[in-house]
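Undergrad: Given chain A, work out where chains B and C should sit, using these hints.
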Amino acid sequence: MWLVVVILFTAVIIWYEAPALLKHGQFRELAFFGILMLIAFALTAAQSLKVKMSNPLDAIVALYSPLSRIISAFTGS
Amino acid sequence: MQMEKGKISLYQFKVLVVLFSLGSSILIVPSALASVSRQDGWISSLFGVACGLLLVWLYASLAQRFPDKTLIEFSILILGKGLGHVVAFLYFSFFLLIASLVLCTIGDFISSMTLPETPIEAIHIVFMLIIVMGIKLGLEVVGRASEIFIPWVLVMLGFMLVAVLPLIDMSRTAPFLENSIRQIAGGSITILGIPYLELVIFLMILPAVSNRSKATKGFLNAALFSGLILTAITLLCILVLGHDFTARHSFPSYTLAKQIHIGDFFQRVEIVMAVIWFVTIFFKLMISFYAAILGFGQLFRLKSHRSLVTPFAMIVFVISLLVFPNVIYFKDFSAHTWPPFASTFGLLLPVLLAVVAAIRKL
Amino acid sequence: MGIFRKAMMGVIKSLTPQATQQPKVSRTPLKSSLEEVLYEIQHRLGHSNDVIVRRLSLDASSDPDIALIYTEGLANTKDILVSLLVDLQKIHPEISRYPKDQQLQLLKNSILRTGDIHDITNYESLISALLSGDTIILLNGCTQAIGACTRDWQDRGINEPASQTVIRGPREGFTETLRTNTMLIRRKIKDENLWLETMPIGRKTRTDVSIMYLKGTADEELVNEVRSRLKRIDMEAVLESAYIEEMIQDDSLTPFPTIYNTERPDVAAAGLLEGRVVILVDGTPFVLLAPALFTHFIQTAEDYYQRADISSLLRLLRYISLFIATLAPAAYIAATTFHQEMIPTTLLIRVAAQHEGIPFPAFIEALIMEIIFEILREAGVRMPRAIGQAVSIVGALVIGQAAVEAGLVGTAMVIIVSLTAISNLVIPSFNMGIAIRMIRFVLMALAASFGLFGILIGLFALTLHLCSLRSFGVPYMAPLAPYIRQDQKDNLIRLPHWALTVKQRLIRQRGTVDKQQPNEN
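Residue numbers (our numbering), protein chains in the order written: chain A, -13 to 63; chain B, 17 to 378; chain C, 9 to 529.
By construction, these hints were calculated from the structure, which means they are not laboratory data.
Certain hints may be false.
[Stated by the list, open to error] Capping the alpha-carbon separation at 20 Å, the derived lysine to aspartate or glutamate pairs in DMTMM-like fashion look like this:
| id | chain 1 | residue 1 | chain 2 | residue 2 |
| --- | --- | --- | --- | --- |
| 1 | C | K116 | C | D127 |
| 2 | C | K239 | C | E254 |
| 3 | B | K377 | A | D44 |
| 4 | B | K230 | B | D84 |
| 5 | C | K196 | C | E349 |
| 6 | B | K152 | C | D258 |
| 7 | B | K377 | B | D84 |
| 8 | B | K274 | C | E349 |
| 9 | A | K36 | B | E137 |
| 10 | B | K23 | B | D84 |
| 11 | C | K212 | C | E254 |
| 12 | C | K86 | C | D124 |
| 13 | C | K196 | C | E229 |
| 14 | B | K319 | B | D84 |
| 15 | A | K38 | B | E137 |
| 16 | B | K152 | C | D259 |
If we strip away everything but chain A, and leave its shape as in the complex, we get (with noise of 0.2 Å):
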């Protein structure tokens, strides 16, 4: 139900927004809108049919967790 939802305002961002780099002629500004659109798109149709996606924070976590140990143990906490 909200996948319907995601798409009617995805297609309305788009009808909104589109005319306007058209119009000015911004070819590679309406490229980048549409790729970005489009990860957007997939980002808030997953997520709202419950899809699990990863916490991107746990990649930097893992990524800083030497760092972060050394900071714990020097404030103790």
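TA: Here is chains B and C on its own, set in the frame of chain A:
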């Protein structure tokens, strides 16, 4: 190439810095400080502010070499096409992540404190709608709006701080300086993480300031001012609530406000605190989102960033829902992972950029 | 926002018919034969019988070779009869010695006793002058005519302005005649730099529209901007200054007014002295002032006629009323629906007790009361005096009291709505009051959905919107944002006159603070 045609005044810039710094910091910092340095949390805070000012000075001097270029632009300039673009992209992601984290902070707060029955998604969406509106209207408008809100924020803060004074118990700061220097320094890491290391974001905004020559001093003043406010709040939290309680509570400044009783009538004054949070976080989100979009646009040499706003808003919306599985994860992340992560962008990279720029005599 | 605005523009475009072609300005020269000219004029005017033609002949025998034409009602017949006719009759035999083409000039230069006389060479300007109240003098055998200014008509006379009354201060108000209005302003400012330009606007109505400004005080660009916007107007009719207002205001979709209107000469003069431009429209006593900022709509003329301290307090009171008018119902709805813990316990018990029996949620209750009040207000504006009493009684007692007693609305709600309505009336400018009314409903809806959070979101959106508006290039929220220190002396508070003498910076140096950046996106 300058994408942002609007100009903001020096005063508006300072206001934005203050609002940004107070943003999520008011919520998170007192608790984190108290958990590490206990009753000397406020000393950690002062120490952190001092270090933070050094950071700000670093940013400002870096930016002074390139007065009309944003961070993204001069990164590419300094480090060249390949590495420069990579660094620029990393910064862009950093800003985007800040925006998402800020959004979920406020979402969590609103949901847990005031609107428990409303789904978080709704809160996030409504917030992002306003952000989109603000960004589309432009930096100038945001600057003017900040001028309108700042008196209210300051008055409300002043009121809170004064109203809480009768409740302080000076004994709670004792034993004074019981904690080792190590712990105090360790505590200051949190306040550096939020907001000082994040202030690098303002290197995206500095070129738009009309009175560029005085901007450095203004930047420092504003950072100092907000740092002092944060210290005061932390100090009051410790004095009124005790360091133990402050450390354990999610949002101690809120609880602090709850303590205010003026006669029989003014009892639920913590709403004022919630409003202060709201306004400051709103601007923090606005600025970080703006920086991310501006950065992306400059990275890929786009002519205008307006069309990027809506897709990125959707992306931030989703990310903000992903990054907050629960409060404990978040607290742990902010205390342990965020400071090193943020120092990559707030300390390491700026130093690198400064050094390379000096070497290349740019 | 964006999408909304686009949709609105689309709707508006589809409803307006294609713009008509600019009519060619034709200039048909006059014929020399008197009778032909007279016939042509009357033919063009459809032989309207308020156009009077008076023929004279040189000597008793020959055909008439001078004619006077005037419009009854618009021209001062006494002038015509007493001076023009008499002059012509007496002098005419003497000048008949001169050649025909010189005779007219002689009449114009030496003989006729009216003030403003001008040459006329074509039918269009002849009829235009005729319909404005001039008397046209035609000479047989001459291809020119002269028009003598004999404008005079019935006028309402200078009364106290109905809309902006003061306790202390001048009680003159503008009237529907342009010349009277310019006179009233000239009486206030006798400076040589007070300049006046007039142009006719409106294809059918040919309404005289004037702009007045203080040269040197008003920003040059501002004056040029006003002038060019007025010149661009292509309308059929201009019946009121509101028509002009809508056509020249900054192109933004906003409920907030960006041009100020007033019935008072002293307000107009004060605006002129600040460097603003006054636009006078013939046929209405409401004069426009451009640019207009948010603070102007909360200020009144009386602020300057009472003492500084009381004026400052009253101004602050007006700002408080502004907040009450906008936020009170929304705050009440938010508090009773979402944040009951915010209300002190004793009050809460009372409010809750009232809410017990009421079938509607707070939002609907507020909506009903607000709408009823709006209906009463509209009725009050239009009702004939005779039934005024009855309507007030119906409103107050029957609807208000009875509704409460029937349990349809709570007393607290009635109080809130009344307080809001009265606060709304405190706002000096009617346009601003209307804008606030609309905003109030939006905030109420937000409060009903999201509580305090919703109100804050609404306020953010409102602030962003207000900060994005400009009035003729000046940021709407100035001098609050961008903060201009010099102008704070007369913003929220008013410092005494001796402190106000240092000139205010804002409007005079319109360009310096925030030059309007062309929005390229």
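Undergrad: Hints broken by the structure, by number, lowest first?
TA: Hints 3, 5 and 13 are the ones this structure does not satisfy, whereas the remaining hints hold.
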